[in-house]
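> So the sequence lines, in the order shown, correspond to chains B and X. Start counting the first sequence at 1; every next residue gets the next number (the working numbering). Start counting the second sequence at 1; every next residue gets the next number (the working numbering).
Hints may be right or wrong, so weigh each one.
[To be verified] Short, incomplete list of chain X residues facing chain B, as computed with Cβ under 10 Å:
hint, residue
1, Glu296
2, Ser357
3, Pro372
Keep in mind that the hints were calculated from the coordinates and are not lab data. Computed from a prediction, not measured in an experiment: that's the story for all the values here. Built from N, CA and C at the ideal position, the CB exists for glycine as well.
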Amino acid sequence: MKQGSLAIRMSGLGGQGVVTAAHLLGGSVIRDGKCSTVNPFFGAEKRLAPAESYVRISDEEISERGEVIYPNIIMIFHPHVITLGKSYTMPFYFGLKDEGILIINAEKPLTLTDENSEDLRILKAKTFYISANNISMDITGTELSANIAMLGALIGITKVVSLVSMQKAIEERFGMKKFVASGTTAALDDVVKSKFAKVSQLIEKNVEVAKKAIEEVKEYPLSSNIESRN
Amino acid sequence: MMAKKTVEQKIVDPEYLFFEAKREKQFITGSEAVREAVKRANVDMAIAYPITPQSESMHLVGDIYAEGYIKDYFRGESEFAVMSSVAGAAMGGVRVFTATAGPGTLRAFEMFPTWAGARLPIVCDFFCRGVNSPLTIQPDTIEIGFMLDTKMMIFHAETAQDLFDMTLQSFIIAEQPDVHLPIGVFADGFFVTHTREIVEIPPDDIKLPPYDPYKSPVPAMDMETPPIRQMRDPFVMKSNFISYASHASWQQEILAAAERARKHIHKYLGGLIETENEGADILIMASGTAVSQAHEAIWQANQEGIEVGLIKFKVIRPFPTEEIKMIAKGARAIIVPEFNISGWLAKEIRSVIEDNSKVVGAPRVYGGMAMPPELIVEEIRRVAR
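Isolated chain B, as found in the complex (with noise of 0.2 Å):
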């Protein structure tokens, strides 16, 4: 890929909102100015099936497209996209460029297999771990919001778009009247909505989620993840 350019591999489960956050985030990058595509890969479409979304970020124009196969940057919205392989990319981090920075959502740092370790130590990878869900419920009362707080936690590392800009992402994801969206989409669309009297009060709540997993993404050295297990 070109310099000043950044690809975004999102890996989760169905219904947790991966394509969503891809979305609001190439909405947010075209917003700051930059050029942005984003797609989706699922199979079936069904909740906790495997779900990919890409992002390509750039300075210039971006020809390439369909999945992004060397991420700068992978985002892990579920811990047993890890510990059950519930992904189209085995292993997780398959791809990851020299450097790369893996963004994990679980409670605490995940045990990894020493080959996983491994393979992330050569890759000098940096790995972040947020706790999306929580941050979501107790915010909203709901962990439909994590996507929002993978996206914060995104942020908080990369700086790569800014918070005003993903507000309006959102503002316009949830705020206009009407979103085509697939069937199963649309019924967790309600479901969110129904969490919240107003929408103005979806998209505040929704900021908020961001803006703490700004301050709480914390990174994990591997090294340390390789001490605690022998």
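With chain B held as given, fit chain X onto it using these hints.
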């Protein structure tokens, strides 16, 4: 019954809509680009049957029917039923649109040569998807290979922008009296339909002039008034010289109509192919999203000091035979990356150029696999040695 809602749109010249009207940038998916194209196409009727990755686009077309942009819209009971209904609508003299994908294309297949044979100017979007078992819903362009001999015209969009422009422009090209043939606008599923990107589109308060069925080169179906399009007493049933000769000449006339489309394609699409650095020793020839991957691969090869040209096919039928023959003369190697196992584009190119040993039919991915540009770079390095 409530009166059907309609939206006021100003009818403008196709040239104005395509080239002059001020365009606005929107960050939308390929499926949404289809909705925007149909909104401005003055479509009378759309008929839908869902199949991933096409479902969203016809769902969105259903939405603009509800908003009043289309006069009639319904769901068929299968892909075959949809393609048959679309044929009926076109025979009845209205502008009609539908879309399908992969297995849907195959299920409806009988109708495509029938459309061409009946000279129906139907525009259908096809969102390429794997068709074989084991199942995949991901992109695979094998269906274009199957469609090559249906006598439909075949356009292949690389981006959502192409998909918007080609879908809209196809109506005008298909309906030319000296053409009057169906056009399939193909785009790779997911990589175009579900990808959100910037698309530049003219305002939605203008639309194309309506279809004029009286400009059809074959009269509207009327079983009582000869000459008629659908025969009362089909000559194919009769084993005599006249019936065979008329059938054969009819088929030749379909091919001739596609030949006559070339000038209209030049006018509206700017040509059957697009070229960059066509004088280079090494060329990549590709269509659809393989072009996008090739772009990136060429950039990587340039970093290594290897110069590579790019030929993008926008139109597969009619095939850009003369253009390709000419360009191929100067090339040492022609790399043809494809998203299907049969390599139909490599075969097509080999069949028209003088020295077909210079065609490298690789890389090829299929069954819904991604094509990392690095695979194309490997081929470039190999031929550059």
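> Work down the list of hints and note, for each, if the structure agrees.
Hints, verified against the model:
1. Glu296: OK, holds: glutamate 296(X) within 10 Å of chain B, min 4 Å.
2. Ser357: For serine 357(X), the interface hint is violated, since the closest Cβ of chain B sits about 30 Å away, which is over 10 Å.
3. Pro372: 5 Å, holds
Taken one by one, the earlier hints fail for this structure only at number 2.
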